[in-house]
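In case you want the letters, here they are:
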Amino acid sequence: MQMKKLIALGLAALMSTTAISGATAQPINENPLSDPRVRQAIAYAIDMPTIAETIFEGAAVPAVGLLPDGPNKPTDLNPYAYDPDKARALLAEAGWDSSRELDVVYYYADQATADLMAALQAYLADVGITMNYRLLEGDIGSQISVVPDDPVNGPSKVTWDILYGARAALALQEYFNRYAYGLKPMIPNIPRMNELVTKVNGTVDPEVQREGYFEMEHIINENVYQIPLYYQQLYTYESDRLHRNDAPYGNEQYNYNWGVENWTIDPDANGAGILYTNAGPAQFFEVPWQNLGIWVHNKFAFDTVLEADPVLTPIGGEMAESYEVSEDGLTFSFTLKDGLTWHDGTPITADDMLWSIKTALKFPLTHPVLQSTLKKIDGAEAFVAGEAEELTGLSADGNTVTLKFTTLDPNVLLSFSQFAPLPAAQFEGVDPLNLQQAPFWQKPIGSGPFMIQDVVMNDYTTLVPFADYHKGAPKIEQIIARPSGDNDGNLLVNATAGKADFGYTKVAGDVPGLEGLDFMNVHPIDIPYTRMLWINQFPHPTN
Amino acid sequence: MTESAIAKPRRRTRLDAQFDRIRAREEAGLAKSRGGSRTLNKFLNNRLAVIGLIIFSVILLASLFAPLLTPYDPNKIGLRDMLQSPSWEHWFGTDRTGRDLFSRVLYGGRVSILVGLGSAIFAAIIGVLIGVYTGYVGGWLDTLAMRVSEIFMSFPQIILVLMLVSILGQSLVNLILIFTLTGWGGIYRMCRARMLSLREEEYVLALRSFGLSRPLIAYKHMLPNALGPIMVNITLSTAAFILQEAGLSFLGLGVPLSIPTWGNILNVAQDIRVLQTNWWIWLPVGTVISLFVLSVNFIGDGLRDATDPTQQG
Amino acid sequence: MLTYIIRRVLILIPMAFVICFLVYCGLELTPGDAVSHMINPDALGSMDPAQIEALRQSLGLGQPFYVRFWSWFSNLIQGNFGFSTNGGVPIANIIATRLPATLELASVALIFSTVIGCLLGILSALSRGSKADGALTVVGMLGVSIPEFFFGLVAILVFALNLGWFPVGGRSMPSYVTLWDRLPHLVLPSMVLSIMLTAGVMRYARSSMLDALSRDFIKTARSKGLPEWRVNLLHGFRVALTPVVVLIGFRLPVLIGGSVIIEQVFQWPGIGNEFISAVRSQDYPVVMTIALLSVMAVLVASLIVDVLTALIDPRVRLGE
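Chains A, B and C supply the protein sequences, listed in that same order. Per this note's numbering, the very first residue in the first sequence carries number 683; after that it's consecutive. Per this note's numbering, the very first residue in the second sequence carries number 11; after that it's consecutive. Per this note's numbering, the very first residue in the third sequence carries number 313; after that it's consecutive.
If you are wondering where the hints come from, they were derived from the structure by calculation, not from laboratory data. Do not rely on the hints blindly, as some may be mistaken.
[As the list claims (entries may be wrong)] Straight-line C-alpha distance at most 25 Å; calculated PhoX-like pairs for lysine-lysine:
#	chain 1	residue 1	chain 2	residue 2
1	A	Lys1040	A	Lys1058
2	A	Lys1086	A	Lys881
3	A	Lys1157	A	Lys1125
4	B	Lys52	C	Lys443
5	A	Lys755	A	Lys881
6	A	Lys768	B	Lys52
[Claimed, not checked] Quick partial rundown of chain A residues pointing at chain B, CB under 10 Å, derived from the structure:
#	residue
7	Ile733
8	Ile737
9	Asp765
10	Ala791
11	Gln793
12	Gln803
13	Tyr805
14	Gly810
15	Pro873
16	Glu877
17	Thr880
18	Leu1174
19	Gly1195
Just so it is clear, CB atoms sit at the ideal spot from N, CA and C, and this is done for glycine as well.
Extracted from the complex, chain A is given alone in its bound form:
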């Protein structure tokens, strides 16, 4: 009896899987890429471990699944390990027309990406798929992310077959949010995914979120809606002169408790304790709400309301003395520390906070996670639309700021750990839409450990310690930032010449060169950042 039941269960399971693959293993429209077998074949055709080892010289971790390794990713995903024979068999089964040439596009201009494209071309050619690649220029947005009018049948408005891109995430939901109805430029609607996206965004319960992530990963993995290629680590590089004094290494793309005020640097030949860094501004400082912590000079100059740990879990207040989330999760309040001042000596007030929150809500480039938190404040819709003068859910009492939300947001604390308020007085008469165009961004006045001292755009920027910093005056005497960014040959040139004591890069191609410098220490850091192939499954005009 027991045995029979087991067999029946097993049969049922078997039937159900065959049923699934039977139902999905065919094209859903005239585009052969809508056939999961073709997509699986592509996944099998690429030898990512070899690519990671050679082209990226180890500075890439082959990916299984979209999410980075951790408790939120199922462990039983199909890795699609390199198997050209299987790829050929799948293609034969799907009746692949070898005269069809795939149009592969990418938008990273670095050499390693170009090499990767050459490698993909060769791997696909090996199993009988012809592809050509091209670098997207100009308006990348309209070429990669415009969604079709009909999200079920297409045709797609993007013209490529495969896009090499990435998903970086501050909150894990971001990996999947584009799977919601009508947001996918290249994948026909998947009803179950719509439900799951809503599920993970509408709860603060990590268990419920995890369930959602598991199921979504399985669906994507099985159907190869995307092909995750590798996890990009972040690399922090530091010269021998710099001492972090036990401060942790974290996700440098965001704000975390990096303890920069305690860092020290050995004096150079002239006895000056100068820290050289890179990625200085070329024309203006970027509003810190857009890419949050990506610009090191912004992190030096601005403090955030709350503080996060190296993996971006909120751990306490930075500018806030204390903070509180109500039982139902719909009210968030924080109280500013006493005596905080901006770099020009004027006090930091609750009014600055109110102005900053309201402006960030209207500023079009505010980071999506922060934006979606702010949009849930009561009255936000009317405020953004210009129908209401005031944001009803936002209020201040003395040094305490209170936000009331209409719906539950899983990332309130995370958002505020990345939110750097700005001095309202500096923005009299500035339209939030044109915030970036304000003269303020030529030489910002911040609240962080270092003050911006001298700015020669595109040449250098210097920062000096802010003596009244609330965590104690920083110890490094001066910071000089040169403008070379990552993915810029000049980064390595400057580093070789000793003009880069600290910095971080996500560009795998920069890493081996930096590691080759004997005075440079490179620390890889796992971050949620996955490079992947998007496959256009809609019928579409060719380019």
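For chain A, the structure is supplied; the task is to place chains B and C on it using the hints.
Structure of chains B and C alone, referenced to chain A:
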């Protein structure tokens, strides 16, 4: 011109010595005309031009017959064989994806020469077509063409090229188109100036009185008189365009990276690490570009000396 | 003379307008607009299209073409270059901070290449046919045959990284006060640029010197029994100078073109560098202004050249 340079009897100068040498060669029967065109002989007597022609031919032929010279597909990767230094197997070593650099340089030469020579020829065709006709007929057509060329030529070329690249996008065809668009002005002006001086010549007046049509006079009877400078212009622009292709690749705005060109191969020298440790990636291709451009310049110079009697040296 | 100058200037004005218009049209045809460049492509995927549209409107990108052209052009006439779309910085400020860097680089290169080029060219002409002449010709040719960025990179590798004589790039550092402090930064880029230019000047100087030496009055001077060096220098050189002046004027486009790439190689914060990043980020107003300024510079330079040649060589004036 040559006659007027004969030295007068006085203190011997270097010029005298030179003429003595020439006389000696003449007396020894070395300077006898070999027959054929005078221009050709003059060109062949220019040692640098001949060297240029040899280098040019070698590189051109090697590129054209690339499949005979190398067994490797220029796009065939071998990730496990990446960054090998030159060996019997790979004469120029391999690049970062293990592609054979010798074959990439040969195949890349095809594209680079196509871009350089193709653009130069197209630019010449446009410049000649417009310049010869408008220069001959004059009038408002001439003024219009002149103004248009002035507009094109008042842009520093790279500024115009960069703007056009960002407008048209990156592709091989676009690049040739852009070079043609930005390069026709020079040859147009040269042609026009030549026509202006030719059109008052008696033979032209005679042709006109026979009632020949204007295009016929311009293209059939006057154009051949300007062929020399046109050839010079084509060679010199070929050199310039090949250099520009390399420069654009450096800025990441040249031929798409999926197509090997000299510029695209040399482009990796931007990585200072490649520059320091992998000399075989950039040195051979850098040398080939420089040699090729040099040879084309030598040929252009030789042609100029051979065809233009006022330019001696 | 004055009417000649006035006439030349009057021709310039409609041409400048047409150029403005063409440049504007050209940029209008470029795919995409500044907005798409303000956003990291990786982040684009999660943006709300309505927000992007709001931003586009706020930057005035939604207005019809002629409205934007006209408002830009009328401002330009009043000396207002407008604002960079990406950062809202007044373009006049950008130009004002970048131009000195480019002028510094360009003038050093121009002076150096002219002096050395003329000297070598004349030397070459006087020793025409000799081994030295041949060698100089070949070296000169080499100078124009090596891709300039490649030359620059090798110079960085050898002189900055391996020998450590000069800094790898940039123009200044916080503690610098005088030009003297900046000099080490200037050496490599200006020398690389000079060498690219010298070859051209040399060839030109050589042929115009040869041309001058074959003139009748030189022969007369010689037949009068003047010493050879006086004939060469005083008479020959003066006549040879005219084409060289012309050449300097016409070098300007080459100089601008060359500095675009050299500035990129040496991280030199000049106009060329700005132009490249503006082209990449489709910052229309900046691209247009720089293109326009460079065209104006070329036009004005050619005007000056014409006037100068007219002054040096009376025949030109009479010919008008």
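Each hint, compared with the structure:
For the hint linking Lys1040 (chain A) to Lys1058 (chain A), the alpha-carbon distance of about 12 Å falls within 25 Å, and the restraint holds. Proximity of Lys1086 (chain A) to Lys881 (chain A) is assessed by CA-CA distance (about 22 Å); at most 25 Å being required, the pair is judged to hold. Among the hinted pairs, Lys1157 (chain A) with Lys1125 (chain A) is consistent with the structure: their alpha-carbon atoms are about 22 Å apart, no more than 25 Å. Taken as a hint, the Lys52 (chain B) and Lys443 (chain C) pair is honoured in the structure, with Cα atoms around 20 Å apart against an allowance of 25 Å.
Using a Cα cut-off of 25 Å, the hinted pair Lys755 (chain A) and Lys881 (chain A) holds, with the two alpha carbons roughly 16 Å apart. For a cut-off of 25 Å, the pair hint linking Lys768 (chain A) to Lys52 (chain B) is broken: about 67 Å separates their Cα positions. A least Cβ separation of about 7 Å between Ile733 (chain A) and chain B falls short of the 10 Å threshold, and the interface hint therefore holds. Hint status for Ile737 (chain A): holds, given a least beta-carbon distance of 6 Å to chain B, under 10 Å.
Hint status for Asp765 (chain A) relative to chain B: violated, with the closest Cβ pair at about 17 Å, above 10 Å. Annotation: interface hint on Ala791 (chain A) holds; nearest CB of chain B at approximately 5 Å, less than 10 Å. Hint status for Gln793 (chain A): holds, given a least beta-carbon distance of 6 Å to chain B, under 10 Å. Restraint check, Gln803 (chain A) versus chain B: the minimum CB separation of about 7 Å is within 10 Å; hint holds.
Hint on Tyr805 (chain A) holds. Least Cβ distance to chain B is approximately 8 Å, under the 10 Å limit. At its closest, the beta carbon of Gly810 (chain A) sits 15 Å from a beta carbon of chain B; the interface hint therefore is violated under the 10 Å criterion. Taking 10 Å as the C-beta contact cut-off toward chain B, the hint placing Pro873 (chain A) at the interface is violated, the least distance being around 38 Å. At about 41 Å, the closest approach between the beta carbon of Glu877 (chain A) and any beta carbon in chain B exceeds 10 Å, and the interface hint on this residue is violated.
The criterion of a C-beta within 10 Å of any C-beta in chain B is not met by Thr880 (chain A), whose closest approach is roughly 40 Å, and the hint is violated. Hint status for Leu1174 (chain A): holds, given a least beta-carbon distance of 5 Å to chain B, under 10 Å. Given the 10 Å rule on beta carbons, the hint for Gly1195 (chain A) holds: about 4 Å separates it from the nearest Cβ of chain B.
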